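J.: Each chain, letter by letter, is given below.
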Amino acid sequence: MNNITIGQFIPGNSWLHKLDPRIKLLSLVVLLVGVFMIPISAEVLPLAIMGAIFVGVLILTYSTGIPMRKVLNGLRPIVFLLTFTFFIQLFYVKSGTMLTENPIQMYISVTSILGIILFVIFYNWSKKYIKFRILYFFFAAFMVFFIQAMLPYIPLTSYSLSIYDEGLLRAGFIFVRITNVIILTSLLTFTTMTTDLNYGIESLLKPLKVVKVPVDVIAMMLSLTLRYIPTLLGETEKIMKAQASRGVDFKESKFKDKVVQIISLLIPVFVISFKRAEDLGNAMEVRGYVIGAKRTRVDEYSIKFTDVFTIILSLVFLGLIIYSRVIA
Amino acid sequence: MGIQFKDVSYAYKGLKVNYDAIGHINLTIKAKGEFIAIVGQTGSGKSTLVQHMNALLLPTSGNVVVFGQNLPPKKKEKINFLRQKVGLVFQFPEYQLFEETILKDIMFGPKNFKSTEAQAMEMAKRAASIVGIDESMYDQSPFRISGGQMRRVAVAGILAMEPEILVLDEPTRGLDPRGRRDLMKIFNDLHEKNDQTIILISHDMDLVSEYAKRVIVLKEGSIVFDGKKEALFEHPDFETFHLDLPTPLKILKHLEKEVGIPYQPKYDFDSLLDHLKEVSHE
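Here the protein sequences line up with chains A and B, keeping their order.
Reminder that position 38 of the first sequence reads as 38 in this note's numbering, one-by-one numbering, no gaps.
Reminder that position 182 of the second sequence reads as 1182 in this note's numbering, one-by-one numbering, no gaps.
Keep in mind that the hints were calculated from the coordinates and are not lab data.
Hints are all accurate, no fakes.
If you want the footprint, here are the derived chain A segments under chain B, 3+ residues with CB under 8 Å:
(1) 240-251
(2) 268-275
Listed next, the in silico DSBU-like pairs over lysine-lysine satisfying Cα-Cα at most 30 Å (straight line):
(3) B/K1013 <-> A/K127
(4) B/K1213 <-> B/K1193
(5) A/K251 <-> B/K1074
(6) A/K128 <-> A/K254
A quick note: this is a predicted structure, and the numbers were derived from the prediction, not measured.
Heads up, the beta-carbon is just placed ideally off N, CA and C, and yes, glycines get one too.
Generate coordinates for the entire structure from the input sequences, incorporating the hints supplied.
T.: Put into C-alpha cells, the structure is as follows:
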C-alpha cells in the first residue's frame, strides 16, 4: 500500500530540496533533453559522457541525503524493460568485431529446457535472500542464455549467436541512459513536495493562457488529485479492514471469491470519494473559491542565487552536448 | 478461552522510526458475560488494541491468544475464522455497505464463512430483527436510507456472523442522542439476554458509566487502570487519566457541595432520579 511513487516526498534539508520548484522542473527538462541528445553509439566520447553523467547523477543523489536504496527502488518497475532492451541490443547489433572467434551455438534441448526450469525455480526461491534484486534479475536473464549454450545434450533445435563488441557497448549505453533518466526524475519527486511541484507546473504552463488553456483549473485539479491520493489510500485501508472483519480474506481465496471481494472494496471507496469530493466542493465554495479568479498564495517563491546557478549549469551542460554533436 | 494478551506491543512502521502504538499489554477477557469499556484520550492506542482481538493487526512482540489460536500465527496457519468468533464493528461502519439490497449486505458476512445461501438468509434476518430493521426494508438499497438506519444495517452485518465476542469501536459516534440510546440498548440487551461479552470503545463517559461493568483505561499505549467501574471513579489518580466524570456523578458531587445532599454514586440517570426522589421525601 505504501510504495506508490507519486508524491513520495522525502523530507530533507539539502540544496535540492530548497531549490525553486520552477527552476527544478526546468532544469530537469533541460538535463533530460541533454541526456537524450547524446547519440547511441559505441564510440569512446558518447560512452564516456554517459558514464560521467551516471557518476554525476550518483553524486547528485548523494548530495541530497536521500538513501541510495530508495532511489534504486524507483528502478524496480522498469527492470524488465531494461533487461529486455539490453539483450535486444546485444543480439541484433551485428557490427564491430566479434567477441568470440566463432558464433556460439545455442541449443534448445531437453537438458537445457530442464536446466532453465530448475534455474527459474531456484531464482524464485533465492531472490528473497538477495539484496540487489535488479542486478540479480539481470544475472538470471543472462543465465537463461548461458544454460542454453552449456547443455546441448538431446537437442531439439539450435541456433547460433554471435556477440559483437559494439552490441555490448550500445546495450550498456542504453542501459545507463535509462537508469540516468529514471534517477533524475525520481530525484525531482523525492525532493519536491507535491504542492511545490504543482506550483512549478502551473507557472511554467502560464504562457499557454494566451491560447485559452485553463491553466489554473488544470493546476487546481492536479493538486487536488495529488492531495487526495494518501487520503483515499487511508480510506481504502480502513474499508479493507472493515471487510476483513466480515470474513473477506484478501490473501487466501479462490479467484471466484476474489471478484466479489474486490467489489466489496471498490463500491465503498467509490461512494466515499464522491462524498469527499462533494464536501470539498462545498468547503471551497464557502470560502469563496471562484474558478479563474485571481488568487494570492501563502508562500511567495523567489529566485535565489543557487537557482540561477543551477539553471545556468544545466544550460551549459546542454550547450556542451549540442556543441559536441555539431563538431562530430 | 476468550482473549488473552501476553506482554503485547505493536509499533507502526514509519519511514525512519517506528511509532509505538501500544506497549506491554497484559489482559484477559472472558468469552462470556463481560461488558468492558475501553477509554482513553485520542491516540492512546484503543483502536490498535482492539484490532489485535480479531487478528487484523498482529503483535510486533508478545502473544495474543484468541479462542485457543496463538497470534502471531505459525506459517500457513489460517486465522480468518477468528473474524467470525470476534465480531469487530468499526467507527462509521456504514461506509462498508456495498450490496444492492439491505438483506444481501447483511448476508455477506455469514456467506464468507461458508454458510449456505439459506442459512445466511436465516442468520441475516435474525440479525436484522435484533437491530430493528423491518422486513419491508429488506429489498431497499442500503444507500437510500437514513444515516442511523445505515449504521444499524452495518451492525447487523456483523451480528449476522453470530460472533461470540462483539467489539465496538465508538459505535454511537455521529448519532443523535435518541439514536445513541437505541443502539446502546440493542447491545445491552445482547449482553443481558445472551450473556454475550461486549467490548466497547467510547469517549462518552455517560455511556460507559451506564452500561460497562469493567473499564480499561489506556494512556500513551499502556493500561493504567483495569477494574470495576465503581473503583475507577473513586480512584485516587482519576485526574491523571484525563477523563470526564459521568454527568450523574457530576450532578451528585455538585449537590453535595451546594445543597449538602450526602454523596452516593449513581451511574445512570434513572437511578439518579430515583435517588433524588427518595432524598426529597426524607
